[in-house]
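Undergrad: Use these hints to put chains B and C onto chain A, whose structure you have.
The residues making up each chain are set out below.
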Amino acid sequence: MELICPAGTPAAFRDAIEAGADAIYCGFRNETNARNFPGLNFSPNELAEAIGLANIRGVKTLVAINTFMRAGAEEIWIKAVDDAVRAGAHAIILADLGLLAYAAEKHPAQRLHLSVQAAACNAEYIDFLVAAFGIKRAVLPRVLTIAEVAAITRKVRCETEVFVFGGLCVMEEGRCSLSSYATSKSPNMHGVCSPASHVRYREAGGDMVSELGAFTINRFPEGEPAGYPTLCKGRFVVDGADGYIFEDPVSLDILSHIDELRDAGVAALKIEGRQRGRAYVSQVVSEIRKAMEQTGRVEPEAGSQRLRRLSEGQRTTTGSYDKRWR
Amino acid sequence: MTALGRAAPTLTLGPVLFLWEPATWRDFYYRIADEADVDTVVVGEVVCSKRSHFHDALTGKVVDRLAASGKQVRLASLALVTLERELQVSHRLARQSLEVEVSELSAHAAMAGKPHAVSPLVNVYNAATARVLATRGATSICLPPELPASSIRAIVEGAPDIRFEVFSFGRVPLAISARCAHARVKGNTKDNCKFICGEDPDGLAVDTLDGQHFLALNGVQTMSSTVQCLITDVPELMSAGVSSLRLSPQVCDMARVAETFREVVGGRMDPNESLLRLRDIHPGAEFSNGFLHGLPGHLLKMPELPLGA
Amino acid sequence: MTLPPVVPKMLKPIPVPVAELAGQLAFARVIDRHPALLDRLGDFGGKTYCFAPIDLPFEFAVTPRLARVRAAHRGGILRYDAKISGPVVLLLALAEGRLDGDAEFFGRQISIDGDMEAVLALRNAVENDAVDFVRDFAPARGPLQGPVQTVLDRLRTHLLAREERRWN
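Residue numbers (the numbering used here), protein chains in the order written: chain A, 365 to 690; chain B, 2 to 310; chain C, 86 to 253.
There's no promise every hint is true.
[To be verified] If you only want the chain C side, here are some residues facing chain A, beta carbon under 7 angstroms, derived:
# : residue
1 : F129
2 : D140
3 : P142
4 : R193
5 : L205
6 : A206
[Unchecked claim] When the alpha-carbon atoms are kept at most 20 angstroms apart in a straight line, the in silico PhoX-like pairs for lysine-lysine are as follows:
# : chain 1 : residue 1 : chain 2 : residue 2
7 : B       : K195      : A       : K687
8 : A       : K424      : A       : K500
9 : B       : K302      : A       : K549
Since the hints were made in silico from the structure, they are not lab data.
Treat the numbers as computed from the prediction; the structure is a model and nothing was measured.
Just so it is clear, CB atoms sit at the ideal spot from N, CA and C, and this is done for glycine as well.
Just chain A, with the same shape it has in the complex:
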C-alpha cells in the first residue's frame, strides 16, 4: 500500500519526502484545486521543481485539479491540466467530467485519478469512468464502511485509495453547497469550504463566538478548545436543544484499521491536510508510516495519541468506516 501525503507548500513537500511519503499530492495556486487557500499551493515552476526533487527520491507527485470548471472560464482548468502534464506529474486527480474528457483526449498517456470530489461511491459509477476516460484509480468518498470499501475494491477495474487521517467531510464530498449557502464560496466552484475570508471570531460575555458569513457557527466557553467554523462541525439548535447536529469537531483516524484496508486490496492510503502546517505533515506522515510498517495487528495507540493533538477538537473518529457512525 502506498502512503499519499499532502503538501500545501514546497517546504511541506520536502518535509513529506523526508518523512517517508510514497507519493505526495498538491495543487496550483488558484481555484483549480479544492484547497484554494491564501498563501498556499504551487506555481507551475514550483511544481516542476518539486517533481524533480520527488523523482530523485523515487516519490510520486499527484496533482489535484479537483474543482469543477467554471462555465466561461474553462481555460484556467485546461491550463492547469496542461501545466501538470508538462511538469511531469505522475498522475492528475480530477473530478469534473468535462475536464476528464479533455485530459483523456488531449493527454492519452497521462495517468488519471478520480478525485474524492467526484463522489464515486459505487463500483458502477467508477467503472463507467474507467470505460469512458481510462481512470487508473478512484479516491473513495468518506461515506463508505470498510466492508463497502472492500466490496468496491474487489469489483472495480481500477485501483482504489481511501482517506485514513485528517479533516473529515461529514457530507458526501463534491455534493455539498453548505459553504456557498452561507458565504457564496463553495468547494466545487472555488475550492474553498467555510473560507477564512468569511470567518469572524468575537467575544461575547466571556465566550468566543465563531461566525461564518451571517451565521453563528459555534460558541466556546472560556477554556474549551475552540474550533474553526467549518459549517458541518458547528453547534446548532434543533427542537430547542443545542448540539453538534452533524458532527463534533473531530478528525478522521482509521489507523487501527490499516490491516483491514490492506486485506481489502486498497492501493493507497491518503492523509488529508494540504492546508495544515509542516509540523503536521512531518509528524502525521512519520507516525502513519510507522503504523503501516508494523507487522501483525498491533494497535498503533501511542501514535494515535500523538496525532490526536494535531486534530480538530483534539479528538478523532473512525467516521463512516465504522457502520455505527451513521
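TA: Here is chains B and C on its own, set in the frame of chain A:
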C-alpha cells in the same frame, strides 16, 4: 413564443424530497394531476432508499393518473447509491419505459445511452460536462442550484442541443451524507431510524445558537432553511435560454405556485407582484435567490424597481 | 508556556521607539533573507498584522509590503487588519513551522481577531519559507547580539521541549 424568439420555459414539478405519509403523498399527486398546470412531473424517492417501500405500491396509480392528465412523467433515481440493492433500483429504472431522471452517475451509466434526464444533484458546472452526459443519452439537465446566472448562461450557450432546467422554487437540497443527522438528533441510529424524518414533512429546522434560521434536515439530506424562489428572475432565466423551471414540492399549495410561475413565464403577471402572491401561498417561507446572483445562497436580491415605482 | 513574569518586567523600561527600531531591523532582515515571502503573500502583503505577545509589554504592527513596523505598549495598536495574540514563544515557533497553527488555535493557545484570511495567508507564507527567528531576528551585531541570541535560543529549546513533553 416570447419576444426573445424562444419558446417560454416549461414547468417541471420535481420529486417530493421529503418523506410524506403515503396517503398524503398519493393525494398530493392526484391533485397535481387534476389541478396543476405543469408539463412534467418527476416521481420517486431520491433521498433515502430505506423510504422507498412507503410509496412503491402507490407509484403505479400515481403515474397513471398523472399521465392520463397529459403530464410527462419521469421516474427519479436515488441520490446516494452504495448498496447492491440501490444499484438494482437504477437497473430496474433503466429497463422500464417511462423517462428516467438520474440523480447519480451509476444510474446514468445504467441507462446505456437511452435518452434520459439529469437531476440537479449531478455536478454539471460547465458545457463540456453537459456534452459528456449528452453523448451518453442525457437530453435534459436540471443544473445544480448553487450555479450563478453567468454560469447558466455560458452552459446553455455551450450545449445548445440540451434542454436546461433551473431549480426555481423550493428548499434547496444542499448536501447529502451517509450519516442521518435527522435520526441522530431524535436519538435514533440510521439503521434503526423508525422513519423519524416522516414527522417533519417540511424538514426539521436547524437554527444557530443565536436563533437565526439556517438549515433544515430531511433525513440524510441537508436543505436550506430558505425557500429558493427565482420568480423575480424569470426574465433573466428566459433570456439565458433556460428551457424549464423546476418547482420542488413544499408543504404549500403547489398548484397555485405553478399557476403563478406560468403567469409570469407567459408575461401575464409582473414578477414583483408574483412574489407577493407566492408569499401569500407559502406564508411561513423566507425566500432566497442569492445563488443565482453569486451571493450567499440564503439571501434574497430583489430586482431594482423602475423609477417612480 | 508563557514567559516567567520577570521577563516583561525586565523589558518594560525599554522605550517604545527602541522596541520599534528593533522590530524594523528584524523585519528588514527577515525580508532580506526570505524574499519569496512577499510573493507568496500576494495581495495580503498590503495588510497590517498586529502581533501581540501576551507575555511581553509590547506589540507590533507590521505591513509587509510597505516594510513598515510600528510598536506600542500592549493594547496600544488600534489600527490593524488582523491581530494574532498568544505567548511569544508559541507565536515564534508557529511562524517557524515548529508547531501546527491549527492545533494551537484549536487548543485556544492563540487567538486571532480581524481578517482571518490574511492571517491564513501569512501563516502559509511564513511556513513555506523556513524562518528562523533566533537567527533572523537577533541583532546582527552590537552588544546585544550574543546575549539575545543565546537567551532566545535557550528559551526556545526549553519551552518547545516542555511543549513536546506535554504531547507525549
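Undergrad: Could you run down the list of hints and mark each one as holding or not?
TA: Status of the hints after comparison with the structure:
1. F129: holds (6 angstroms)
2. D140: violated (18 angstroms)
3. P142: P142(C) check fails; min Cβ-Cβ to chain A is 22 angstroms, beyond 7 angstroms.
4. R193: holds (5 angstroms)
5. L205: holds (5 angstroms)
6. A206: holds (3 angstroms)
7. K195(B) <-> K687(A): Within the cut-off at roughly 17 angstroms; holds.
8. K424(A) <-> K500(A): Holds, at about 15 angstroms.
9. K302(B) <-> K549(A): Status holds; Cα separation ~17 angstroms.
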